[in-house]
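There are 2 protein chains.
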Amino acid sequence: MMIGWDKAQQATALLDEFDLGAWMILVRETGEHSDPVLKLFGDPHAVWPAAFVFARSGERIAVTGLGDDQPVRQQGLFDPIHTYTQSIRESLVGVLEQLDPDVIGINYSRDDVTADGLTHGMYLNLLRYLEGTPYAGRLVSAELFVEALRGRKTAGERALVQRAIRETDAVFQEVGDWLRAGLSELEIAYFVRERVFRRGLALAWDAEGCPGLNAGPSSPWGHAGPAADVRVAAGDTLNMDLGVQVEGYCSDLQRVWYFLRPGELEPPAEVMRAFAAVAGAIQTASGLVRPGVPGWEVDAAARSYLTKAGYPEFPHALGHSVGRSAHDGGTGFYPRWDRYGGKPYGRLAAGGIYTLELGVRSPVGYIGLEEMIAITEDGCEWLSEPQRAPYLVAG
Amino acid sequence: MMIGWDKAQQATALLDEFDLGAWMILVRETGEHSDPVLKLFGDPHAVWPAAFVFARSGERIAVTGLGDDQPVRQQGLFDPIHTYTQSIRESLVGVLEQLDPDVIGINYSRDDVTADGLTHGMYLNLLRYLEGTPYAGRLVSAELFVEALRGRKTAGERALVQRAIRETDAVFQEVGDWLRAGLSELEIAYFVRERVFRRGLALAWDAEGCPGLNAGPSSPWGHAGPAADVRVAAGDTLNMDLGVQVEGYCSDLQRVWYFLRPGELEPPAEVMRAFAAVAGAIQTASGLVRPGVPGWEVDAAARSYLTKAGYPEFPHALGHSVGRSAHDGGTGFYPRWDRYGGKPYGRLAAGGIYTLELGVRSPVGYIGLEEMIAITEDGCEWLSEPQRAPYLVAG
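So the protein sequences, as listed, match chains A and B.
When you number the first sequence by this note's numbering, it's gap-free, plus one each residue, and the end is 395.
When you number the second sequence by this note's numbering, it's gap-free, plus one each residue, and the end is 395.
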């Protein structure tokens with residue numbers, strides 16, 4: 001919960017920066033459907049409609065159903081905590097009247113899932129609660145505020161992400177020592193997960209696709225689960241996308257292995273050339289990262305490097321924020337495609353932690369890398385040690 | 001996934017009953033924020049915006065980002081699966097033009113969290129996708145449809161809930177054999193969870209409050225976690241609220257123990273009187289349950305029984321649907337209070353599985369019961385064996 005306190009302090013400062021009088025999180029039945037931002041504050045649970053209000057003046061006030069107040073009280077982040085039995089409306093309006101914020105940020109966003117925790121039904125309810133008050137007319141999307149709050153990591157958050165990266169590296173090492181030709185993607189996935197769990201870690205995303213694996217040329221690219229009938233052979237590459245969680249903070253890295261044929265001492269030239277193009281695109285992109293740059297420019301630099309090297313564009317973004325989730329929302333290195341909405345135009349800020357990831361499909365398998373960086377005051381630094389060449393598995 | 005197929009068949013039949021041309025589930029980044037209904041269909045994951053469309057004609061069509069299609073394809077419930085790289089809009093509009101539904105249900109609901117999976121940001125996106133088409137004007141809330149789909153259990157779903165109840169009973173038995181005065185709520189909770197996990201089961205809700213415990217008179221009522229400093233003493237009652245999951249289907253039951261004082265052979269009269277009032281209110285309410293009855297009437301009968309017995313009203317609803325979640329949304333035995341919106345007026349239907357739960361705060365502790373019933377064609381039947389008297393712990 002130290003991080004919860006740090007993030008609450010940060011929220012107050014950011015309300016000032018983003019010129020919001022208050023920020024309101026509105027949820028119900030969080031066991032069924034919660035707001036992603038609540039995880040930043042110790043993930044308080046509520047059965048009945050509950051509001052968590054952060055005021056620019058520094059106050060943090062909760063309104064919960066009677067019986068839902070105890071866990072929030074024990075947590076200590078909100079004080080006072082108002083309770084109700086029949087309807088949240090009266091207490092909620094009372095809190096707003098007391099604070100009288102000029103602008104109230106709420107959690108909806110067309111572009112950013114992590115800033116879009118308010119359901120449409122709850123939005124309609126909120127309008128009804130605020131009927132006859134001036135506050136319905138003061139609601140705005142808090143997306144830029146939430147993006148900054150999630151994106152700008154505190155020292156405590158960054159330390160946990162770094163631990164997650166170190167643990168992932170250790171798993172890559174163990175897996176590399178064990179790999180051999182003939183294994184199926186599913187067998188490799190089982191081994192990887194067992195090693196993650198043995199370290200007392202959780203996976204950073206759904207187990208079905210964690211690790212994500214591409215063994216050889218027949219494996220379909222994308223968010224597919226490891227296949228029992230796809231086996232890695234001598235002469236193939238193996239691509240692995242793995243993330244783990246340390247105390248709720250994630251890593252997200254990709255590494256690539258080449259399985260030597262009998263008598264081979266190094267990968268064939270086309271594998272080395274593809275690897276160099278991928279690693280080079282990531283290095284080039286990293287050189288453009290600094291506060292104030294719009295994310296799409298970094299994506300475009302990698303995209304251009306790769307196509308100039310003679311490879312097709314990658315069908316996804318160059319990188320995304322990492323933190324509480326492997327895909328942590330907010331700004332990232334997104335191309336200016338419709339599916340990314342306004343996100344490509346977001347500007348980078350110091351404290352952000354991002355991936356840089358892309359790949360090339362080769363005749364012997366997918367060759368992809370994913371590294372992690374932190375944005376500093378005047379550039380970025382590597383949080384992962386970039387992979388320099390395909391790891392080799394002896395034939 | 002057998003249940004996924006059954007629910008998909010059921011969905012087609014219900015589209016007809018609820019006069020919807022199509023039903024659309026719209027999600028993105030399901031690892032961060034999903035729609036609760038997806039769990040009914042094997043919980044397919046998607047990173048990029050994805051639509052799952054059920055047509056009254058029986059077709060089930062998915063639109064996913066390229067790379068998200070593989071897991072949906074492997075699952076087999078949707079065919080065809082359209083993929084896109086830059087924007088979902090064109091494929092989605094194409095699907096609607098092909099089906100041309102007169103009314104399209106989408107997942108928002110003011111009253112029911114389980115039918116409210118669409119975020120407000122995604123709702124705004126949907127309006128934008130459908131701009132310039134006739135379909136934006138055909139969107140309606142699918143809440144009654146979703147409520148029926150979740151609420152009316154298939155034989156397979158009911159069998160899993162029954163297994164969850166049997167497992168919970170077995171845990172109650174083991175815990176009862178072990179209980180003794182002097183234990184703290186936290187110690188009891190640890191033991192209960194260990195017994196649940198040893199059976200290979202998951203908890204039905206967040207571990208912090210599962211089991212929910214009230215030991216003696218000083219324990220706060222509500223959704224609070226078990227306390228390390230609240231210990232059960234001779235002369236106290238212990239109330240336990242426990243649910244487990246079997247293959248994703250839940251139980252939700254409350255039981256009450258009395259800790260005999262030295263020399264006591266049975267609980268004091270006031271404990272027996274309170275227990276009888278609680279059990280009697282539940283029995284009385286169960287007699288009113290049958291298809292077509294609005295839920296609030298059942299709640300009112302229990303409420304009236306309890307107050308006539310000289311106890312205060314319980315500050316919550318008499319009962320809720322149970323299935324994929326312990327609080328499964330939809331119709332229930334809700335009082336006509338604002339916080340329950342329109343839910344109290346929903347009418348019961350055969351196939352529904354519900355709790356009946358209430359309690360009384362006594363000077364020696366909380367005395368509450370929660371039983372489970374299934375609605376039949378002409379009444380209801382007990383899925384749990386109702387507790388007849390406080391379980392006794394020897395002094």
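Incorrect hints may have been included.
Copies of one chain are not kept apart here, so a pair can be met inside one copy or by any two copies together.
Pairs of lysine to aspartate or glutamate residues, derived as EDC-like cross-links and limited to a Cα-Cα distance of at most 20 Å, are as follows [to be verified]:
id: 1; residue 1: Lys39; residue 2: Glu270
id: 2; residue 1: Lys308; residue 2: Asp79
id: 3; residue 1: Lys39; residue 2: Glu208
id: 4; residue 1: Lys39; residue 2: Asp79
If you are wondering where the hints come from, they were derived from the structure by calculation, not from laboratory data.
Checked hints:
Taking the closest pair of Cα atoms, Lys39 and Glu270 never come within 20 Å of each other, the shortest separation being 45 Å inside a single copy and 44 Å across copies. Taking the shortest alpha-carbon separations for Lys308 and Asp79, neither the intra-copy value of 58 Å nor the inter-copy value of 38 Å comes in at or below 20 Å. In this assembly of identical chains, Lys39 and Glu208 lie within 20 Å of each other by CA distance solely across copies; the values are 15 Å between and 23 Å within a copy. Within a single copy, Lys39 and Asp79 get their C-alpha atoms as close as 19 Å, which meets the 20 Å cut-off; across copies the closest is 36 Å, which misses it.
Consistency note: the structure conflicts with the earlier hints numbered 1, 2.
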